[in-house]
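Work out the full structure: start from the sequences and follow the hints.
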Amino acid sequence: MTATPATNRRLGWVLGLTSTAYFMVVLDSVVVITALPSMQRDLHVSLSSLQWTLNAYGIAFAAGIITAAALGDRIGRRKVFTLGLALFTVASVACALAPNVSELIAARTVQGLGGAVVLPLSLTILTAAFPMERRGMIVGIYGGLAGLAVAMGPIIGGAVTQSIDWHWIFWINIPIGVIAVLLGVRLLPESYGAPERLDLVGVGLVSAGAVAVVWALSRANQVGWWSAEGVGTLGAGAVLLVVFLRWERSVPEPMVPLRLLAVRDFAIGNVTTFLMSGAIFAGGLLVTEEFQLARHYSPVGAGARLLPFFATPMFVSPLAGALSDRLGRRPIIVAGLSMLTAGFVWVAWRGSLRTSWIELVIALLIAGVGISMALPTVPTAVLSAVAPHEIGKASGINYMAQRFGAVFAVAVGSTVFATYGGLTSPTTVTAGFKPALWACAVFAGLGTVAATAMSARPRPAAGVEAIEAPITA
Numbered sequence: 001m002t003a004t005p006a007t008n009r010r011l012g013w014v015l016g017l018t019s020t021a022y023f024m025v026v027l028d029s030v031v032v033i034t035a036l037p038s039m040q041r042d043l044h045v046s047l048s049s050l051q052w053t054l055n056a057y058g059i060a061f062a063a064g065i066i067t068a069a070a071l072g073d074r075i076g077r078r079k080v081f082t083l084g085l086a087l088f089t090v091a092s093v094a095c096a097l098a099p100n101v102s103e104l105i106a107a108r109t110v111q112g113l114g115g116a117v118v119l120p121l122s123l124t125i126l127t128a129a130f131p132m133e134r135r136g137m138i139v140g141i142y143g144g145l146a147g148l149a150v151a152m153g154p155i156i157g158g159a160v161t162q163s164i165d166w167h168w169i170f171w172i173n174i175p176i177g178v179i180a181v182l183l184g185v186r187l188l189p190e191s192y193g194a195p196e197r198l199d200l201v202g203v204g205l206v207s208a209g210a211v212a213v214v215w216a217l218s219r220a221n222q223v224g225w226w227s228a229e230g231v232g233t234l235g236a237g238a239v240l241l242v243v244f245l246r247w248e249r250s251v252p253e254p255m256v257p258l259r260l261l262a263v264r265d266f267a268i269g270n271v272t273t274f275l276m277s278g279a280i281f282a283g284g285l286l287v288t289e290e291f292q293l294a295r296h297y298s299p300v301g302a303g304a305r306l307l308p309f310f311a312t313p314m315f316v317s318p319l320a321g322a323l324s325d326r327l328g329r330r331p332i333i334v335a336g337l338s339m340l341t342a343g344f345v346w347v348a349w350r351g352s353l354r355t356s357w358i359e360l361v362i363a364l365l366i367a368g369v370g371i372s373m374a375l376p377t378v379p380t381a382v383l384s385a386v387a388p389h390e391i392g393k394a395s396g397i398n399y400m401a402q403r404f405g406a407v408f409a410v411a412v413g414s415t416v417f418a419t420y421g422g423l424t425s426p427t428t429v430t431a432g433f434k435p436a437l438w439a440c441a442v443f444a445g446l447g448t449v450a451a452t453a454m455s456a457r458p459r460p461a462a463g464v465e466a467i468e469a470p471i472t473a
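Once you know that position 3 of the sequence shown is 3 in the working numbering, the rest is easy, because the numbers rise by one and skip nothing.
Rather than coming from a laboratory, the hints here were simulated on the basis of the structure. Keep in mind the model is a prediction, meaning the values are calculated, not measured. Just so you know, even glycine gets a beta-carbon here, dropped at the ideal spot from N, CA and C. A hint or two may mislead.
Calculated cross-link-like contacts (lysine to aspartate or glutamate; reagent style DMTMM-like; alpha-carbon spacing at most 20 Å) [as the list claims (entries may be wrong)]:
| id | residue 1 | residue 2 |
| --- | --- | --- |
| 1 | K393 | D165 |
| 2 | K393 | E248 |
| 3 | K393 | E103 |
| 4 | K79 | E190 |
| 5 | K79 | E196 |
| 6 | K393 | E229 |
Computed Cβ-Cβ distance ranges for the label pairs, DEER-style [claimed, not checked]:
| id | residue 1 | residue 2 | range |
| --- | --- | --- | --- |
| 7 | I164 | S102 | 18 to 28 Å |
| 8 | S298 | L327 | 47 to 57 Å |
| 9 | I75 | L182 | 14 to 24 Å |
| 10 | P175 | I141 | 17 to 27 Å |
| 11 | P252 | S227 | 37 to 47 Å |
| 12 | S49 | P435 | 19 to 29 Å |
| 13 | L182 | I358 | 42 to 52 Å |
| 14 | I179 | A128 | 14 to 24 Å |
| 15 | V178 | H389 | 45 to 55 Å |
| 16 | G224 | L187 | 50 to 60 Å |
Quick look at the structure:
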């Protein structure tokens, strides 16, 4: 059936609104990175305290994403999407106005919940609106904008922080969010899915367990690894996560169907995602700190030097996708994660204050090409391993693995940094940076090892079409 001009206009609005919202959420997950040193000076807080602005966002995002998708299926995807976008926008105001780190952490938590709603439902609304024969191109545009957000995030964050103030990385969300909410209510189509029971107990258990584990890691240097607080909090987190797994096994409609863990490529792919995302996010954060606090580059200068690390997916990922179709996904993932590991090892080994920034950028370019190969290929392998009716939940679980991996690695990296270095001088910053980046290299190396256990040429579950996952951060 030939589309009418009116239909094309309506679909254009759907693409524009969902992609804009997705762009804003992805941008916000990376734009903060180059602003962190300025935030640290302005708020007079330690690195371990400031990392909770990232952790709170990541944990809320990870815990809310599957529940948000189920809520959209039950009461309407447009309703839930616009409410999530409104929540994200209001939380951005609270972030911009936060007078201290405690209020900023609280606002970032709410912002993470809003982002958890926007991200999955934007793709669901988009794919439901377009006919099957046009979805490949449309999802490609949608994913390309996310790649642009990841690439430009450090530069935008640096430019805004340097030319105006770090608060404005949150203020810029407001007009975009308000306009998108108003237009979304009016122009987006409503759709529903098969209603599922919400697993709120599961959400609470996994969130509390993650918070306890990350809290224990981030506080270890201050209170001691074997202190009552350290051991007690870590133990409580472990118990909560075990209870979460037992709960998921017993409920009829779990947040995480444990039967999926019996699918080899799904299970190994999510372990790889956890390790890979942790290495990428914590590594990017640490390199930013080194560039600004040890080498005294401006926020824009630091962002520009991070472009080889963050921008290469825009150019290399399409080629990696084509190669994975010919060679299989495992060799592309293993090669990519090997390059990420090699890049981090190079920087950690050679990254003294006497090392030329050009040498560091070359190493980051190698790591960036590795990211470009692995980042879109791993979730594609994960989603291709499950049956069609489980793709939505499988995607949510993979997003959870991404976010929890980032949160965990940031906590580990910050703890290692504080153990071996500090923020008192460029020398102490570099002294902490090098072993912390070695830890990120270990994350990437373990991800490489895990990926070798994936199928060489996995065959999708019956009825599953080839799935191309959009790039996320």
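Okay, the hints, checked on the actual structure:
1. K393 <-> D165: violated, 39 Å
2. K393 <-> E248: holds, 14 Å
3. K393 <-> E103: The given pair, whose Cα atoms are some 32 Å apart, is violated under the 20 Å limit.
4. K79 <-> E190: Holds, at roughly 8 Å.
5. K79 <-> E196: Judged against 20 Å, a Cα distance of about 17 Å means the pair holds.
6. K393 <-> E229: Answer violated: K393 to E229 is near 35 Å, above 20 Å.
7. I164 <-> S102: 18 to 28 Å: holds, 24 Å
8. S298 <-> L327: 47 to 57 Å: violated, 42 Å
9. I75 <-> L182: 14 to 24 Å: holds, 20 Å
10. P175 <-> I141: 17 to 27 Å: Because 23 Å falls inside the window, the suggested range holds.
11. P252 <-> S227: 37 to 47 Å: Hint holds: Cβ distance 41 Å, inside 37 to 47 Å.
12. S49 <-> P435: 19 to 29 Å: holds, 21 Å
13. L182 <-> I358: 42 to 52 Å: holds, 47 Å
14. I179 <-> A128: 14 to 24 Å: holds, 23 Å
15. V178 <-> H389: 45 to 55 Å: violated, 36 Å
16. G224 <-> L187: 50 to 60 Å: Given about 56 Å between the Cβ atoms, the range holds.
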